[in-house]
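Given the structure of chain A, go ahead and fit chain B onto it with the hints provided.
There are 2 protein chains.
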Amino acid sequence: MNQPETHHVAPVAATIYRGESVENTHLAHVAVLDADGRLLYSFGDAGRITLARSAAKPAQALAVLETGALERFGFDEADLALMCASHSSEPRHIERTRSMLAKAQASEADLRCGGHPPLSDAVYVDWIRRGFTPGGVCSNCSGKHAGMLAGARSIGAALAGYELPDHPLQVRVKQTVASACDLPDDGVQWAIDGCNLPTPAFPLDRLARLFAKLAAAQDQVEAVQQGATTTVSTRTAALARIYRAMTSYPELVGGEGRFCTLLMQAFGGALVGKVGADGSYAIGVRASQQTARLGAKGALGIAVKIEDGNLAALYAVTAELLALLELGTPEQRAALDGFHAPKRLNTMGVEIGRIGFSVGLTAHS
Amino acid sequence: MNQPETHHVAPVAATIYRGESVENTHLAHVAVLDADGRLLYSFGDAGRITLARSAAKPAQALAVLETGALERFGFDEADLALMCASHSSEPRHIERTRSMLAKAQASEADLRCGGHPPLSDAVYVDWIRRGFTPGGVCSNCSGKHAGMLAGARSIGAALAGYELPDHPLQVRVKQTVASACDLPDDGVQWAIDGCNLPTPAFPLDRLARLFAKLAAAQDQVEAVQQGATTTVSTRTAALARIYRAMTSYPELVGGEGRFCTLLMQAFGGALVGKVGADGSYAIGVRASQQTARLGAKGALGIAVKIEDGNLAALYAVTAELLALLELGTPEQRAALDGFHAPKRLNTMGVEIGRIGFSVGLTAHS
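These protein sequences, in sequence, are chains A and B. Each residue of the first sequence is one higher than the last, beginning at 1 in my numbering. Each residue of the second sequence is one higher than the last, beginning at 366 in my numbering.
Bound conformation, chain A alone (with noise of 0.2 Å):
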């Protein structure tokens, strides 16, 4: 017989109620930290290794930009929105990324992405309904693969294979991934991602950093337009830009109606947010009173893992933490209330329960 697994990995952070009885339970792990990389608050293991899928694409999109790939194949900002994405297969997101090929002198045949069922519900049932058949430009991660063969035509590499871990745009984007967590290039462990890129994990906080420091960059570079400061690093600049690029666009990191698009279409720029498969999620927060009353130094990043994975426990607990940390106002928290405590209807539509929740925020001195 197997090893008894005695050890428990997580606290609950959330039950879901039928009725009066508990129905399931989602642990989770949390992380609060400033962009200097000090740990404010934690819930479970901050520490957690995370497979953080999607919410590193940020990461991966800085690996591309420093290439010089955007300015030499002419992608815009939207297009460094796409980058980041795990979009919903709408037309928009799709025509975009035909249109990244063909600045990259690429085509569809080119990607190492394959198509699947769309995020979007109401999109399957368009492609059902045409008969459609998705290929590679309609993954959510499409516009990752279009980047990474614009990133690597720029360093001179072949398109062929471009997805394979010892590709020279791969050995890049590992070591950038790497620096961008402040961590040493063995510190990141890597596997192959749904989408077929190699994905990192690394423990939760240096994600929760991660974001911070795309929150910071785009603080930096405010200053310097202010004139408080004079200049900022070539790595700031680009963190900056892709914080730009991902708050600007928010319908294209997602989609109608998804999490990551109402978030950052609510606080307008104040804080950036995404979400990885599987049950991850990071917020990188901007300097304010909000942010330092929470004894950060400047910039604040946030991270998320539900242990099981569950999507819709995702949303609801980092709904909640936004409410426990009080980030923006109710009026910007309201936006995700049908992710955060969803009326549970049943097939007559009567409510057959609730969510309740046990996250909670230890501080660190």
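Heads up, some of the hints might be wrong.
[Unchecked claim] Label pairs and their calculated CB-CB ranges:
1. A:D126 <-> B:G633: 42 to 48 Å
2. A:Q265 <-> B:E473: 38 to 44 Å
3. B:A525 <-> A:E331: 41 to 47 Å
4. A:A341 <-> B:A467: 39 to 45 Å
[To be verified] Calculated from the model, a selection of chain A residues having no Cβ within reach of chain B, i.e. all distances over 12 Å:
5. R92
6. H167
7. Q225
8. T231
9. V232
10. S233
11. T236
12. G268
13. A292
14. E331
15. A334
Hint data in this document are derived by calculation from the structure and do not stem from the laboratory. Where a beta carbon is used, it is the ideal one built from N, C-alpha and C, also for glycine.
Here is chain B on its own, set in the frame of chain A:
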């Protein structure tokens, strides 16, 4: 802020790896009992109060059967199987529901379950292509509801309101479910199911016991047929009838490619199995040298609850338990290979990870 929840609810039963990194973990509770109610093995909390959901359907069907409705309205064994089903809304399931409604002199308009996207992807695609809007007959629980209408008519109660907790039929159902689980009436908590009927919550070991009793009932009926004993109780005869219906028509209890269907087909009458939404599973195994080896007096019951409600984890852990308990032959268990340790392929068909099991079974004296 919320009160941090430090208590841990269950041990890890299965771990999902992507490459060498832990992606998700799933906690579980397991109870293995014999028909006398003796706990033989457990994992986690065998007494976890569990919303059995559709795994309780045999006990709900028992209440209808004991009204005499099957004889009164000419329901056959296949109809009884559909009363215990979470079917895939295939044409054979919908047609049988319509036929049951006609036999009970009721119509789709009397149903108080709503339509929903079907459990079968193939059926869903077909519905969308045809522009078909599902009604109550298409609910995966439509057989249970058709049975309830027949039961209401059989006891001379109104059809209207048959789904409500205080309707005379549901009062009987509540009493029957409690007694079938050897619990007092107030030993069961009731909530509202996805299909709008009252749904019970009780300790997980009682679910195992219920299914052990189903298998034991058929053992007793066959003992009478073989002249080993002279008679069985009406309750035992009814439980055996449900056992025979489910094991004789496994394709009606689930559908094409479904776990319950494959399991019962592979074991050819040696066991009955039923899934419940949100991660519960129950199996009743008829007495054999195998159940005796495991310490059971007669038939065996197994119940599983995945703490987070994940169905893929549920099926994998359930298949792993059959292997740990060495029930059936390796060939029979191989019918579940696609659920036990499915190849984890990405959108390009590349294998990206694996499942690891830590579920074990503590033996009780």
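_A292 (chain A) and chain B, when compared Cβ to Cβ, separated by more than 12 Å_ = holds (19 Å)
*Minimum Cβ separation between R92 (chain A) and chain B greater than 12 Å?*
Nearest chain B Cβ is 21 Å from R92 (chain A), so the label holds.
*Beyond 12 Å from every Cβ of chain B: is that where the Cβ of T231 (chain A) lies?*
holds (38 Å)
*Beyond 12 Å from every chain B Cβ: check whether that's true for G268 (chain A).*
holds (26 Å)
*Beyond 12 Å from every chain B Cβ: check whether that's true for V232 (chain A).*
holds (34 Å)
*asked:* Using Cβ atoms and 12 Å as the threshold, tell me whether Q225 (chain A) really stays out of contact range of chain B.
replied: At roughly 37 Å from the nearest Cβ of chain B, Q225 (chain A) sits farther out than 12 Å, so the non-interface label holds.
*asked:* Can you tell me whether the CB distance of A525 (chain B) to E331 (chain A) sits inside 41 to 47 Å?
replied: holds (44 Å)
*Could you tell me whether the CB distance from D126 (chain A) to G633 (chain B) stays inside 42 to 48 Å?*
Given a distance of about 44 Å, which is inside 42 to 48 Å, the answer is holds.
*Far enough from chain B: is every CB of that chain over 12 Å from the CB of A334 (chain A)?*
Per Cβ check, A334 (chain A) is outside 12 Å of chain B; nearest 19 Å; holds.
_Verdict on E331 (chain A) as a residue remote from chain B, using beta-carbon distances over 12 Å_ = holds (21 Å)
*Compute the least Cβ-Cβ separation between T236 (chain A) and chain B, then decide whether it is above 12 Å.*
holds (29 Å)
*Minimum Cβ separation between H167 (chain A) and chain B greater than 12 Å?*
holds (15 Å)
In terms of the numbered hints stated before, the structure departs from none.
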